[in-house]
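Student: Dock chain Z against the given chain B, drawing on the hints supplied.
Sequences listed follow chains B and Z, in order. Going left to right, the first sequence walks through residues 1 to 205 as full-length UniProt numbering numbers them. Going left to right, the second sequence walks through residues 1 to 205 as full-length UniProt numbering numbers them.
FYI, nobody ran anything at the bench for these hints, they're computed from the structure. Hints are supplied without guarantee of correctness; some may be wrong.
Think about it this way: if two alpha-carbon atoms lie no more than 25 Å apart in a straight line, the pair counts; the simulated SDA-like pairs of lysine to any residue are [unchecked claim]:
id, chain 1, residue 1, chain 2, residue 2
1, Z, 180, B, 170
2, Z, 97, Z, 15
3, B, 158, Z, 196
4, Z, 180, B, 168
5, B, 180, B, 31
6, Z, 30, B, 33
7, B, 29, B, 194
8, B, 3, B, 96
9, Z, 152, B, 194
10, B, 158, Z, 184
11, B, 180, Z, 85
12, B, 158, Z, 193
13, Z, 180, B, 191
14, B, 152, B, 172
15, B, 3, B, 156
16, B, 30, B, 158
There are 2 protein chains.
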Amino acid sequence: MVKRGMLIVLSGPSGVGKGTVRKAIFDQKKNDFQYSISMTTRKPRPGEVDGVDYFFVSTEEFEKRIQNGGMLEYAKYVDNYYGTPLDYVEDTLNSGKDVFLEIEVNGAMQVRAKCPDGVFVFLTPPDLIELKQRLISRGTDDMDVINKRIAKAVGEIKMMQNYDYAVVNDVVANAVEKIKDVIRSERLRVTRVMPDYIGMLGENN
Amino acid sequence: MVKRGMLIVLSGPSGVGKGTVRKAIFDQKKNDFQYSISMTTRKPRPGEVDGVDYFFVSTEEFEKRIQNGGMLEYAKYVDNYYGTPLDYVEDTLNSGKDVFLEIEVNGAMQVRAKCPDGVFVFLTPPDLIELKQRLISRGTDDMDVINKRIAKAVGEIKMMQNYDYAVVNDVVANAVEKIKDVIRSERLRVTRVMPDYIGMLGENN
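Isolated chain B, as found in the complex (with noise of 0.2 Å):
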């Protein structure tokens, strides 16, 4: 028997640069881990390709895999689906290939409770960073300013929690190596090799 692959999901606040990062991982040719395509009923913008950028498929057709059971997570925006299709990330786990999710949070939260044994990276803003030298400079900023600025990281955090790790995007490179230390390391877990070791010895154990 094939060992199962392991799901791995990449989120955070909008506007993080999760697709980004995600490109440049995946722009590195040499990955051990599979993408999988999101699907959408939004048209392709010029440039797009249908299973590369996206499956592009009709709202009835999404719809009817809603029905079936067939999305691991999906959302509807401004009129539009997007989601991820379940048959694909499910035949590339049990080929015991690794799979790499790049979704908004509310998907990330709808697989988390599909795949609790998945690993769940948040990407965090350097905001954060940068919020913490600005309360450090006090009465350098006007306090609307500051104040909006903590409601929106506080939020920020409160999502992290939901999460295993999180990674700073502050320089794109670096986001990109931590990502693959969090996936090179999560393959060593003992939950995840124990039954490898068990496997091997049979029905001796």
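Tutor: For chain Z alone, coordinates are given in the frame of chain B:
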């Protein structure tokens, strides 16, 4: 306030090569974690230096430390004590630096009980992999030999489940890199960095 360092514990069955892997890690000069030197009552061997290889102390001093709760973990082998002085570990962690221990499995379990947020890495003998090959080519080996190796392997797997990560010591350089991946990755754990973020926002969260 300085962020407290992380405790990293490398352990594994006797003879697996813990010391060799640990030495290879610290032969690399640029480590951002500190090796915690063990304390012992045995006499220095030729070439061993006090404060480098071990802290060499008298049995009286070691036993006084035990009574005063001054040992993070300890054990007695063949009339000699071996252990980890608590003060050095605590001082280093409190200074914000990560501490690396290389200790026996019994010691590791004492540390786990006291420091559940430490990172516990189990070094696995490549034996287990060899064993798998051997079982695959059944019939080529004496059943007695196979059964003894299975019994040993089962014992080692049972130890493994008390650890966070399992690293196979097949090639020392590979084991070293895997352990360093784990250290880098664990520093990104939400449970470890969350207090920083909350601290940044002070009383506002």
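Student: Compare the structure with each hint and give your call.
Tutor: Evaluated hints:
no.: 1; hint: Z:180 / B:170; in the structure: 22 Å, holds
no.: 2; hint: Z:97 / Z:15; in the structure: 29 Å, violated
no.: 3; hint: B:158 / Z:196; in the structure: 13 Å, holds
no.: 4; hint: Z:180 / B:168; in the structure: 19 Å, holds
no.: 5; hint: B:180 / B:31; in the structure: 9 Å, holds
no.: 6; hint: Z:30 / B:33; in the structure: 30 Å, violated
no.: 7; hint: B:29 / B:194; in the structure: 30 Å, violated
no.: 8; hint: B:3 / B:96; in the structure: 5 Å, holds
no.: 9; hint: Z:152 / B:194; in the structure: 16 Å, holds
no.: 10; hint: B:158 / Z:184; in the structure: 23 Å, holds
no.: 11; hint: B:180 / Z:85; in the structure: 35 Å, violated
no.: 12; hint: B:158 / Z:193; in the structure: 13 Å, holds
no.: 13; hint: Z:180 / B:191; in the structure: 19 Å, holds
no.: 14; hint: B:152 / B:172; in the structure: 22 Å, holds
no.: 15; hint: B:3 / B:156; in the structure: 35 Å, violated
no.: 16; hint: B:30 / B:158; in the structure: 34 Å, violated
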